Every structure is written in structure tokens, then in C-alpha cells.
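Participant: What follows is each chain in one-letter form.
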Amino acid sequence: MEDLLRYFIKRLLLMIPVILGMTIIVFLILHLSPGDPVDLIVGPNVTPEVYASIRQKYGLDQPLIVQYIKFLSNVARGDLGTSILQQRPVSELILQRFPITLELGLTGLVLSFLIAIPVGVSAAVKRNTIMDYSCMTGAMLGMSLPTFWFGLLLLYFFAYKLRWFPISGYGTWRHLVLPGFAIGLTDAAITARMVRSSMLEVLRQDYIRTARSKGLAEMVVTYQHALKNAMIPIITLLGLRVGWIIGGSVMLEIVFSRPGLGRLMVDSILARDYPVVQGAMIVLTTSIILGNILADLLYAVFDPRIRYN
Amino acid sequence: MKWWCIKKAYLILVLLLILTVSLAGCAKPPQNSESSAQQAQKEDLQKQQPEKEKVLVLGYDRDAEILDTIKTAWYSDALIYIYDRLVSRDYDFKYKPGLAESWETSEDGLTWTFHLRKDVKFHDGKPFKAEDVKWTIDTIKNPDTGSPFRGDLEAIKEVIVKDDYTVDIVLNYPFPNLLFNLSNTAAGIQEKDVYTKYDDDYGTKVVIGTGPYKFKEWIKGDRIVLEKNPDYNWGPEWMSNRGPALIDKIVLRVIPDENARMMELETGGIHILRDVPETYLERLEKVPEITIYKGPATKLGYLAYPTDKKPFTDVRVRRAINYAINRDDIIQYVFRGIGQTAYGYLPPALKDEYLEESKDLAYKYDPEKAKQLLAEAGYPNGLKLTLSADNSSKSTKLAQVLQNQLKQVGIETDIRLYDSSSYTAMLKEGKQELFLREYSWPNADILDWFLLSSQFPYPNHSRWKDKTTDELIKKASRMPTWEERAQGYKDVQKYLIEQAVWCPIYVPEKIFAVRKEVLNFKFHPWMLMFNDGFDLKVE
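If you're matching them up, the sequences are chains A and B in order.
Just so we're aligned: 65 in numbering that gives the first Met the number 0 is position 66 of the first sequence, and the numbers increase by one with no gaps anywhere.
Just so we're aligned: 209 in numbering that gives the first Met the number 0 is position 210 of the second sequence, and the numbers increase by one with no gaps anywhere.
Because the hints were derived from the structure by calculation, they are not lab data.
Please note that the accuracy of each hint is not assured.
Simulated pairs of lysine-lysine, DSS-like, Cα-Cα distance not exceeding 25 Å [stated by the list, open to error]:
{"id": "1", "chain 1": "A", "residue 1": "K56", "chain 2": "B", "residue 2": "K70"}
{"id": "2", "chain 1": "B", "residue 1": "K363", "chain 2": "B", "residue 2": "K406"}
{"id": "3", "chain 1": "B", "residue 1": "K521", "chain 2": "B", "residue 2": "K293"}
{"id": "4", "chain 1": "B", "residue 1": "K156", "chain 2": "B", "residue 2": "K473"}
{"id": "5", "chain 1": "B", "residue 1": "K93", "chain 2": "B", "residue 2": "K117"}
{"id": "6", "chain 1": "A", "residue 1": "K160", "chain 2": "B", "residue 2": "K515"}
{"id": "7", "chain 1": "B", "residue 1": "K53", "chain 2": "B", "residue 2": "K515"}
{"id": "8", "chain 1": "B", "residue 1": "K358", "chain 2": "B", "residue 2": "K489"}
{"id": "9", "chain 1": "B", "residue 1": "K309", "chain 2": "B", "residue 2": "K466"}
{"id": "10", "chain 1": "B", "residue 1": "K204", "chain 2": "A", "residue 2": "K56"}
{"id": "11", "chain 1": "A", "residue 1": "K56", "chain 2": "B", "residue 2": "K140"}
{"id": "12", "chain 1": "B", "residue 1": "K156", "chain 2": "B", "residue 2": "K70"}
{"id": "13", "chain 1": "B", "residue 1": "K161", "chain 2": "B", "residue 2": "K120"}
{"id": "14", "chain 1": "A", "residue 1": "K56", "chain 2": "B", "residue 2": "K427"}
{"id": "15", "chain 1": "B", "residue 1": "K285", "chain 2": "A", "residue 2": "K160"}
{"id": "16", "chain 1": "A", "residue 1": "K56", "chain 2": "B", "residue 2": "K196"}
{"id": "17", "chain 1": "B", "residue 1": "K140", "chain 2": "B", "residue 2": "K156"}
{"id": "18", "chain 1": "B", "residue 1": "K140", "chain 2": "B", "residue 2": "K196"}
{"id": "19", "chain 1": "B", "residue 1": "K370", "chain 2": "B", "residue 2": "K383"}
{"id": "20", "chain 1": "B", "residue 1": "K464", "chain 2": "B", "residue 2": "K427"}
{"id": "21", "chain 1": "B", "residue 1": "K493", "chain 2": "B", "residue 2": "K474"}
Among the chain B residues that face chain A by a calculated CB cut under 7 Å, a handful are [said to hold, decoys possible]:
{"id": "22", "residue": "A72"}
{"id": "23", "residue": "P147"}
{"id": "24", "residue": "E263"}
What you are looking at is a predicted structure, and each value in this text was computed from that prediction instead of being measured.
Glycine included, C-beta positions come from ideal geometry on N, C-alpha and C.
So here's chain A without its partners, still in its complex pose:
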């Protein structure tokens, strides 16, 4: 247990250089690309003094390196800065938006598992049958569809044509169904393939044969003995896919007009609202890394053979 804690702390410390590197890249890309946030907040009929005073207020008149160091020292103190456009603390804006992205991501994740596990397991159990081939063809198809495009298809049929669900917006569970399925189905395609290969691996093991020879029902063997072990590598990869799922949610926020973090980022990039983009990137990167660490920890919990030392 102590090893695990030490490992966890080590991983947390390793996050720092990664986030630092990310901030440098984001900072440079943003500040070196043409465009100026002040233009947008002041409009064209502005006096030079007002223009200069706003630039000064947000520190935009200082050299890049000074701006960056200031930004970093503020972040270290837990201050992500103030949005130039909305004139509110960045942390407040992110706190408003992040749960909306998370909600969609989690819905998608749960749906993807609900779909992927039975599909993957039955493909593995009925290996090389029609069942297997059709499941895997479906999975290939799902993997090659871009999430946003699939979202558009769902939106067109179920919201526009059939009018079962709202077209855009946010607030009720009904707003969550279509984008949730868009992520869930495309993600399920990847997961199902992993479940299948992992299951195939496990089904070959001796203990499965032992379980069968004990006279246990096939379902118990498959789901209790085999699946439990087959899930270990899938859970690890789950951590890696946190990033993928967040990315998918961000795209779908544009398609379904959900006011999540992705929309906030796109709007802020277009307006060159630097503090918001930087803040949002830090939050996204951190949650992706945390997802990975969590997966590694789960790995240790599930698989007693794994030791971190």
C-alpha cells in the first residue's frame, strides 16, 4: 500500500513538467498567431487611450516572456486570470462549463461500456462465426466514423426528422441522449474490439478450463471468471481514452450547441481571449493525466500481480 502511495505521489509530481510544457506551447501558439482580443472588446470606434489602458489592464503591453512568467506565477497561486472578453475570473467560467462537458463524457463512457461488453464478449465466445464477423465489421465501421459526423447523423434523424429529441441546447436528460450515443457508439467500437481480444486471451487460460470442468454454467464461466480478468487491460486503456472522450465531447458541443468547455474554448480561441484558452487547456490536460493515473491505480487494485516499486 505504501508503495502505491509513493508511486501515486511520483506520478502527480511528474504531471508538473507535462503541464508546464503544454502551457508553453499553448502560450506561444496563441500569442504568436495574429489577432488581438482588445479589438473585439472595444469595437472600431475607440480612442487610443482607452485601447492602451485596456491593453495595460490585461498586461498585454508587456513582453511575451514577462506575460508568461506572470501567468505561471498566478497559476501557481491558483489564479487562472480574468477573461478579457467576459470580464470574469477564468476559474469561474471553467467551473460553469466543465461539469457540462464531464456529464456528456461520462454518459458516453457508460453507454460505450454497456454496448461494448456484450458485443465484445459474444464475438469472443462465438469466435469465427457470423456473430463474430458482424460484430467486428460493425466495430470497424464505428471506429472509422468521426464522432461529430455521427452526431450530425443522429441529430438529423432523431431530432430534426423524428423530433424525438431537442436539436440543441442543454438542461434535461433528453438533451444528453443524442450526443451521449454519438460518443458512446463510436467509443464502443474501440472498446468492443479490445474486449474481444482480451477475452480470447483469457478464454485460453487453464483456470477457465478448470472452471468449466468443475461443471459451472457457461455464463458463469464467461462473465464471472473470464470477463473479470479480461477487463483489467481494458480498464487501463480506459484511462488513456479519457482524453479521447473529452475530445469527442468537445466536438459534439459544437454540433449540439452544448455550452461546455469545448464551446468555451472555441469561442475564446476565435476571440483570442488568451487567459480563458490557457486556463481551459490546463484543466483539460490535468484531467486527462489524472485519468491515466487513476487507471494505473485501478490496475494495481484489480490485478494482484501488479506491484509499483
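Based on the hints, put chain B in the right spot on chain A.
Facilitator: Just chain B, lined up with the frame of chain A:
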């Protein structure tokens, strides 16, 4: 047994999925009949709210930034509903009483006395008084506030409170356009000391005005909800409904995707959409629940060039470009025949200042003449230029048509597309050659913004530094009366046409798509008016 149950549940789930996906492929859209989802939505709505509440939902492409007229440059419609202005503007752009019942100007045109309404209250119950007017204008004019509207009130020297309901605005120089500036969304009158009272929450969590709607809720990026101010007991004289608003609640929804906005309108998710793209018109006209309202917009689209750089320093080149453009074809192909060709620098909707004879004075399509002028200017073999535009679908299409038309007279162009921030940056740096612009503004002072040399290099992106223009504009804007000012701007336009400073191309139509549930909708060329002209039918 346990495992069997789970397997069954999965099976049902998978089957349902397959079923729904395959259903989607063959299902036909229900026509006019309400789906169960819509019914459920309606029931939800009725549960939450007392019966027969009238809710109007409007769709926009962009959210507000901060709901404070003093601090924002992006004037969300919500600001029109929440705040009132001293002066109102009717459907013909005539200045009418607002929070000020009447006003008079001193003989030298330097002191304007406004008499205020005595029966108006702010949303927090405080009565509206002259000191609020003074506070609002002083705060805008204070450089520390950083108000984007500050420049527009430059003519104001000071605001003097005579008594609770009389206020003098003293000017530095005669400035008839004061009425326009005071009637703008930006000139909404705010309660004295709101910033000290509500601190940083003002504009996002608390918004106080005197208007017909009160701020209720703002879910950033999704919607702003306003509710009727029951104490609102007046209304500008030209409005048919004077008193509390007819609609109980206004929801301003943000739907950034153009296509999604259209679908929301068709399915009833929003009631009114303003600024409908011409390309969607054909589709929307086929929807029986939607009525289209069209009218001339106060917009103008033009092709411009840096007049301080070769070859655009030569008036012959500028004229040649003007002659090379076939505006009728552009209206036909880019705007599907909706809109007017532009020859002058102001749109016809500005009736007082529009120069009627601009069509006769301006350069009509004449490719031969264009070639001849280019040859005279020393470019018999034509020119190679870049043509910049923002990356909207309209500008892209327009740029392609222009590229083709310019080619006919020997001007080869290389199209460059930018997102709006980079576009502004590029223009500021002076890297432009040929470039596309469109302005949307209901006042002749737009010419001051774009063409005075004091505005160089931005927003004077055509880099026009010209003494005559400066004098003409200054003379026009400081005329003692509105009529003389209008005449002055006509002289400005004549001169601009003669100098071919821009190449004006089109005046688009303003298109509203309105659902049948909305009754008595009235077209307004500039904005939606809050408690006039539309009422919502409730079944």
C-alpha cells in the same frame, strides 16, 4: 440465473439500438403532427409555469459577453429589453421621446435640456432621476471605465443636473448626432452607483435597468432568460403597446451553428430568427409554419484597397476596379436576387442622408473602360493582386465571383481567407491589397469611422488620408441641425464616389423568419423591438 438476467438486459438494449438506428433510415418525417417529444416538452413547461404563460424564444449565433451597456462592445438584444434610453427611434429612424419626455436645444446648439419622465422605476424599485443620467454618461466618459462607447460621447463636455427631472447636456461643439448616440443600445440608462452597489457581480449575476423586461437567469453559452417587468407603465409614443409587455418571458438562446438554428426554427425550438442567410430562404419559405419578413437593411458591402499604396494611389486604378465589377450578377448569383446593388457609400434605408443620385454619379459595369483606365495608369498588361476576405461562406463566394470579374479586365487575384481576428490584425498591419468588408450601422457617422484620417490605420483600413474628406465630414457632423447635417453627408458621398475610395457592391436585405405562433410581428430594419409589434399566440 443472475447472469441470464443481465444477458437479457443487454440483449434488449442492443436490439433497441439496432431497431432505433434502422427506424431512422426508413422513417418519414411527421408532417405538422406533434411528436411525443414535443408534447412532453410542452407538458414539462406547463408543469413549471402557471398556465398560459407566453414565452418567446429567439435564436442567436453569439452569446452576450457582459450584460452591461457601459462595458461591452457586443450589444446583445437582451440589453435593449432590460434598459431604456433617453431617446427612442421609431420604425423610420425618427427620434422620439424615451426616458426623456422632451428636449430642447439652446440657440448655439451647445446646451441640450432633457425633461425626464417622472413615473419610471428601476428594477430594484429605486425611482429613475436625473442623477442616474449624469452617472451613466460620466461613467462612460471616465477613461478608467474603459467603455467602448466613450468615443461616441466625445462631443459632451458635461452633464448638469438641474433638478430631479431635468438634465442639461453641454457640448464642446454643435453635434446633432447626439440624438442618435443617446438612442443607441449602448446609451441605456443605468442606476447611479451600480458598480459600488453590486461590485463585480454587476453585468453577470445582477443587471438593473428600467426596461420592460427584468433579468432573470443567464446560463452562459446557452441562454439568457428575461421576465416581464409588471411595473413598466409606459412605452415610447410610437409603440402600439404602451405599458407592461405582452409576452411574459423572453428566452435568448445561443445556437452557434447556422444549420442547427434553421432546424430549431423549423421544429419550433425558437420563434424568431433575424439575419437569415439568403441561401436558406428557399428552404424556409416552403415551411408552412414560418413567415418571412424582408426589408432593406442598414448594411453595405464593399471591396476596398489601401489607397496609400501603389497601384491604388492612382485614382484611375481605383475607378478601373469600380468599372470592372458587375454588381447585378453578384446580386443574382451570390445573393440569389435578394438585395440591391450599391453605388454610394450609405444604404438607402438611411433616408435622410442617402444620396439619391449616387446611381447616376457612380461607376457602372464597363469592362472596356476599366481596361482602358488601367492602360492609361500604366498597367496595359493588367495587375497581380491579393484579394482578402473573412472565411464566412458568403465572403468566400463573393471573393470567387469578384476574382472572376476582375480577371476579365486583366486583374489576376489570389484569394486569401482569414478568421475574423486574424483579418483585423492583417488590416491593422497594413498588409491588405484588395479586401472585402461589410458594415452594419444605422447612421451616417459610419463614414467618420472608416474614412477620417484620425482613424488611420484602423478602422480606416482603406488608409485614406485626405484633407478634403476630413473637412467635409467634420463640417457635416458639426452642423447645427439634423437636416443640414444630412445635406453635409451627401456632399461627403459625392466626393467619395468621385475619388472611388471604395468599390461599393451590395446592400443586403434584412431577413426575419418568424413562426406562425408569433402574431402581429412588425419588420424593423435595425432590431427587434421589445413590446411592440409582436405578441405570442397561446393555444
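Participant: Each of the hints needs a verdict: does it hold here or not?
Facilitator: Evaluation of the provided hints:
1. A distance of roughly 14 Å separates the Cα atoms of A:K56 and B:K70; the hinted pair therefore holds under the 25 Å criterion.
2. Proposed proximity of B:K363 and B:K406 is supported: the alpha carbons are some 17 Å apart, at most 25 Å.
3. The suggested pairing of B:K521 with B:K293 holds, with an alpha-carbon distance near 10 Å, which does not exceed 25 Å.
4. Restraint check: the Cα-Cα separation between B:K156 and B:K473 comes to about 18 Å, which is no more than 25 Å; the hinted pair holds.
5. Taken as a hint, the B:K93 and B:K117 pair is honoured in the structure, with Cα atoms around 23 Å apart against an allowance of 25 Å.
6. Among the hinted pairs, A:K160 with B:K515 is consistent with the structure: their alpha-carbon atoms are about 20 Å apart, no more than 25 Å.
7. Taken as a hint, the B:K53 and B:K515 pair is honoured in the structure, with Cα atoms around 14 Å apart against an allowance of 25 Å.
8. With a C-alpha separation of about 13 Å, the suggested pairing of B:K358 with B:K489 holds against the 25 Å cut-off.
9. A hinted pair counts as satisfied when its Cα atoms are at most 25 Å apart, and B:K309 with B:K466 qualifies at roughly 20 Å.
10. Annotation: proposed proximity of B:K204 to A:K56 holds, straight-line Cα distance about 23 Å (limit 25 Å).
11. A distance of roughly 18 Å separates the Cα atoms of A:K56 and B:K140; the hinted pair therefore holds under the 25 Å criterion.
12. Proposed proximity of B:K156 and B:K70 is supported: the alpha carbons are some 21 Å apart, at most 25 Å.
13. Distance hint between B:K161 and B:K120 is fulfilled; the C-alpha atoms sit about 20 Å from each other, no more than 25 Å.
14. For the suggested pair A:K56 and B:K427, the alpha carbons sit about 21 Å apart, so the restraint of at most 25 Å is met.
15. Restraint check: the Cα-Cα separation between B:K285 and A:K160 comes to about 16 Å, which is no more than 25 Å; the hinted pair holds.
16. The suggested pairing of A:K56 with B:K196 holds, with an alpha-carbon distance near 23 Å, which does not exceed 25 Å.
17. Restraint check for B:K140 and B:K156: the C-alpha separation of about 10 Å stays at or below 25 Å, so the hint holds.
18. Straight-line distance between C-alpha atoms of B:K140 and B:K196 comes to about 20 Å, which keeps the hinted pair within the 25 Å bound.
19. At most 25 Å may separate the alpha-carbon atoms for a hinted pair to count; B:K370 and B:K383 meet this at roughly 14 Å.
20. At most 25 Å may separate the alpha-carbon atoms for a hinted pair to count; B:K464 and B:K427 meet this at roughly 15 Å.
21. Proximity of B:K493 to B:K474 is assessed by CA-CA distance (about 15 Å); at most 25 Å being required, the pair is judged to hold.
22. Evaluation of the B:A72 hint against chain A yields a held restraint, the C-beta minimum of about 4 Å falling below 7 Å.
23. At a threshold of 7 Å, the smallest CB-CB gap from B:P147 to chain A is about 5 Å, leaving the interface hint in force.
24. The interface hint given for B:E263 is met, as the beta carbon of that residue sits about 5 Å from the closest beta carbon of chain A, less than 7 Å.
Violated hints: none; the structure is consistent with every hint.
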